[in-house]
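Going down the list, the sequences are from chains A and B.
Under the numbering used here, think of the first position of the first sequence as 2, with each following residue one higher.
Under the numbering used here, think of the first position of the second sequence as 2, with each following residue one higher.
Fair warning: there could be bad hints in the mix.
Which copy is meant is left open, because identical chains are indistinguishable; a pair holds if it fits in one copy or across any two.
Calculated lysine-lysine pairs in the DSBU-like style (CA-CA distance at most 30 Å, straight line) [as the list claims (entries may be wrong)]:
| id | residue 1 | residue 2 |
| --- | --- | --- |
| 1 | 51 | 340 |
| 2 | 203 | 78 |
| 3 | 183 | 283 |
| 4 | 283 | 58 |
| 5 | 283 | 317 |
| 6 | 414 | 203 |
| 7 | 317 | 58 |
| 8 | 410 | 379 |
| 9 | 283 | 51 |
| 10 | 51 | 183 |
| 11 | 248 | 78 |
| 12 | 321 | 51 |
| 13 | 120 | 4 |
| 14 | 329 | 248 |
| 15 | 203 | 99 |
| 16 | 333 | 120 |
| 17 | 321 | 237 |
| 18 | 33 | 237 |
| 19 | 78 | 120 |
| 20 | 414 | 441 |
| 21 | 183 | 317 |
| 22 | 248 | 4 |
| 23 | 414 | 283 |
| 24 | 333 | 248 |
| 25 | 329 | 23 |
| 26 | 417 | 23 |
| 27 | 51 | 317 |
No lab work stands behind these hints, which were simulated from the structure alone.
2 protein chains.
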Amino acid sequence: MAKGITTREQNYSQWYIDIVLKSEMADYSPVKGCMVIRPTGYGIWENIQKHLDRMFKETGHQNAYFPMFIPESFLTKEAEHVEGFAPECAVVTHAGGKELEEPLVVRPTSETMIWAMYKNWINSYRDLPILINQWANVCRWEMRTRLFLRTTEFLWQEGHTAHATEEEAIAETEQMVHIYQKFAEEYMAMPVMVGTKTEQEKFAGAVKTLSIEAMLQDGKALQAGTSHYLGQNFAKAFDVKFQNQNKEQEYVYASSWGVSTRLIGGMIMSHSDDNGLVIPPKLASLPVVFVPIWRSDEEMELVLKNADEMTQGWDKLFFKIDDRDNVKPGRKFNEWELKGIPIRIEIGPRDCENKEVVVVRRDTGEKVTMPMEGLLPKLEALLDDIQDNLLANAQKRMDENTHIADDFKEYKKAVKTGGFYKIHWCGENSCEDYIQERSKSTIRCIPYNGEEEEGECIVCHKPSKRRVIAAQSY
Amino acid sequence: MAKGITTREQNYSQWYIDIVLKSEMADYSPVKGCMVIRPTGYGIWENIQKHLDRMFKETGHQNAYFPMFIPESFLTKEAEHVEGFAPECAVVTHAGGKELEEPLVVRPTSETMIWAMYKNWINSYRDLPILINQWANVCRWEMRTRLFLRTTEFLWQEGHTAHATEEEAIAETEQMVHIYQKFAEEYMAMPVMVGTKTEQEKFAGAVKTLSIEAMLQDGKALQAGTSHYLGQNFAKAFDVKFQNQNKEQEYVYASSWGVSTRLIGGMIMSHSDDNGLVIPPKLASLPVVFVPIWRSDEEMELVLKNADEMTQGWDKLFFKIDDRDNVKPGRKFNEWELKGIPIRIEIGPRDCENKEVVVVRRDTGEKVTMPMEGLLPKLEALLDDIQDNLLANAQKRMDENTHIADDFKEYKKAVKTGGFYKIHWCGENSCEDYIQERSKSTIRCIPYNGEEEEGECIVCHKPSKRRVIAAQSY
Chain A
2 MAKGITTREQ NYSQWYIDIV LKSEMADYSP VKGCMVIRPT GYGIWENIQK
52 HLDRMFKETG HQNAYFPMFI PESFLTKEAE HVEGFAPECA VVTHAGGKEL
102 EEPLVVRPTS ETMIWAMYKN WINSYRDLPI LINQWANVCR WEMRTRLFLR
152 TTEFLWQEGH TAHATEEEAI AETEQMVHIY QKFAEEYMAM PVMVGTKTEQ
202 EKFAGAVKTL SIEAMLQDGK ALQAGTSHYL GQNFAKAFDV KFQNQNKEQE
252 YVYASSWGVS TRLIGGMIMS HSDDNGLVIP PKLASLPVVF VPIWRSDEEM
302 ELVLKNADEM TQGWDKLFFK IDDRDNVKPG RKFNEWELKG IPIRIEIGPR
352 DCENKEVVVV RRDTGEKVTM PMEGLLPKLE ALLDDIQDNL LANAQKRMDE
402 NTHIADDFKE YKKAVKTGGF YKIHWCGENS CEDYIQERSK STIRCIPYNG
452 EEEEGECIVC HKPSKRRVIA AQSY
Chain B
2 MAKGITTREQ NYSQWYIDIV LKSEMADYSP VKGCMVIRPT GYGIWENIQK
52 HLDRMFKETG HQNAYFPMFI PESFLTKEAE HVEGFAPECA VVTHAGGKEL
102 EEPLVVRPTS ETMIWAMYKN WINSYRDLPI LINQWANVCR WEMRTRLFLR
152 TTEFLWQEGH TAHATEEEAI AETEQMVHIY QKFAEEYMAM PVMVGTKTEQ
202 EKFAGAVKTL SIEAMLQDGK ALQAGTSHYL GQNFAKAFDV KFQNQNKEQE
252 YVYASSWGVS TRLIGGMIMS HSDDNGLVIP PKLASLPVVF VPIWRSDEEM
302 ELVLKNADEM TQGWDKLFFK IDDRDNVKPG RKFNEWELKG IPIRIEIGPR
352 DCENKEVVVV RRDTGEKVTM PMEGLLPKLE ALLDDIQDNL LANAQKRMDE
402 NTHIADDFKE YKKAVKTGGF YKIHWCGENS CEDYIQERSK STIRCIPYNG
452 EEEEGECIVC HKPSKRRVIA AQSY
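This is chain A alone, in the form it adopts within the complex:
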């Protein structure tokens, strides 16, 4: 247990806050619900951006930027959309010293602004598809906030695509949720359940919402990314038609999809321990840190010289030699452990004599002595191993904590302890509401490609054709 960090067993929520603040990932700001993302945290976001952006571009998307202010009247054009978002908006009523004729909302999401622009850009099927993504800040005025997981302002990406056919728009929606799944698993080492949200839980304005749901260490679910098939809803709201190949006017089909800085909260709650952060190597801004150990100036010179020589030609962003001489090695160990750096390398005078170093992996704490010669490929292999191990652990946790439940009383009791529960549900809103009210848990998704299975709704016992995933959530 690290100094100043509450253990998970003592208080899981406080543990999370301690980790975020002490590792300097983020800080509270003077504006209620808004956070400051400090360099340690922002470095993770930069890596998330880098990899996702590449995946988006490889699938033909381009980035653009739309205004953060949206005329209030735009929201009202799509009936469900305004109902979902208007209560959460921050509203600019004055600007440049004057009251505005029409108030502007700070974007909670950009469908309305973007479809107002698409109206000008789309005339013919030749203008389609439009595959645009935006990296931006958005604002949703939340009552209860939590660092990274739910903040009033957050950073995200929002893709907004326009298509000539329903099939193409649905294929895009599915493609993007699977890109999110791939990213979560391969880069964040965070396995997810892919599925469809219920009618009541879908995005305000969507025909269908797909999501990825992660299971965090306390067994709660985190909706970590969503991809919406919007049908022609926004095209109708903003009168966006195109001439199809048969020279007929038709409304355009749409998708939108997004992930946010919430992912960082998911990463922290997936892997970290009572000693601090654990960062998956593929998201680490700094994969390797050297902590040289010395007791005299001669020893200092010796170990630093050896560390310098060993790392000749290495990528400067791959490692750092922590040569601060006003901080003791033990304190450095704790600091880097707290900050979740995947590999720590200890190098002292005797190591220099033996031409070896002590390599410590953050995930297991395991120490191995390795020869200095040929170290780089061994470290790269170790980083891969750490990445794999984190994913395997998270997968194991998910598997072990995913249960079948058929009795509502038992379910209600069990779900409080965390975990995913596969339950039968008839599809009625009233039964979904009942689950939420009685058990403080929700239906997270209807699993994608889920097997059909005849059964009875856990609430009303009417027939059900497949199991859904229910859990407590963030």
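Using the hints, position chain B against chain A.
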């Protein structure tokens, strides 16, 4: 002259608007003064970000993110700052369906928020320096806007550094303006004048402001980047002290510096012509486009096969083969010319027989036949040549249009035709005001490392020790 583009001679302002809109760099939005940056324009911004971000990181800076909302009272803590920025702020008065206790302004710049946070992070000289940069959107409610050059919302980066000594903070301020200069010249092919702003033109809250000033094709100046030495002004406003090495409490010294999407406007007005955009190769998202030419299906197969074979192993982001079969080659030429792609390659059936292609450079329009074999290094060299040529042209323009002026009447007449004028100025606000009122031009900067030269103020004829740069500006 391209279809639908006003020539520069006809109407320079309209030419600029035509270029921006027709090349799909940007579009007007439904919110007054806010623009939409379309993929073509955003690709340029991504390249600007990529290169500048690397230069920032190489000089030890890290990225972070601070809230976009700032409590209104924060602005008032620094007297000059509030006077400069309060009139331009957009104000959020309502959020989450309620009136806020204290209104929030949408950041016009983030000194106040960041120094409110630095107060929590700085205790000792050991916590210094802090070298943080932020990529973000900001809002300044402008009355008269112009695409890219002056918009209500814009994208920028803002560096905010904290130091233990005045010397270090000044050195940082100077380092950053020189990074901007280097970036403008090496990447944007846009030579700039580096200098100090006058007391009246400096940043609201700064001790001293350095800027880079570019000369655009109409001879007007564009302030393209600024770096401010803030002294202890914000440290005093937010009570940020540190214990120095002598264990004394001292206020922290600061710098801030920024460039914005305005740079894209500067790039367009530096290089483009009556046929459309001209993009410096180092900022081009797409350096090379192939336009295959065919008249029959057999010819199509032949030229596409040759184009594919030639480009085997090339970086996919380096080139594109425009194989649209519903658009004629001539129209493709115009489109890519309008979009400013540095190199166009024409490849027809006879070229395939001769194993050669026709290479057309965008800057001069010059056509050269090159053998298919060994083409890539030749294209790379040509791109370098285009980059150099654009810089040389812009430098020539700046040199030819920088004049000495000693008589105010003559200056007043001359400055209307554009160009930079080296004039003597006594340093008094009243003479600076006189220049602005009578000639609609301003003192752009006091050149950095400018030579001392005895002279008389162009307005009051009192002694002056050096010449300053005056010009009309955007």
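Enumerated hints in conflict with the structure, sorted upward = The structure breaks hints 8, 17, 23; every other hint is satisfied.
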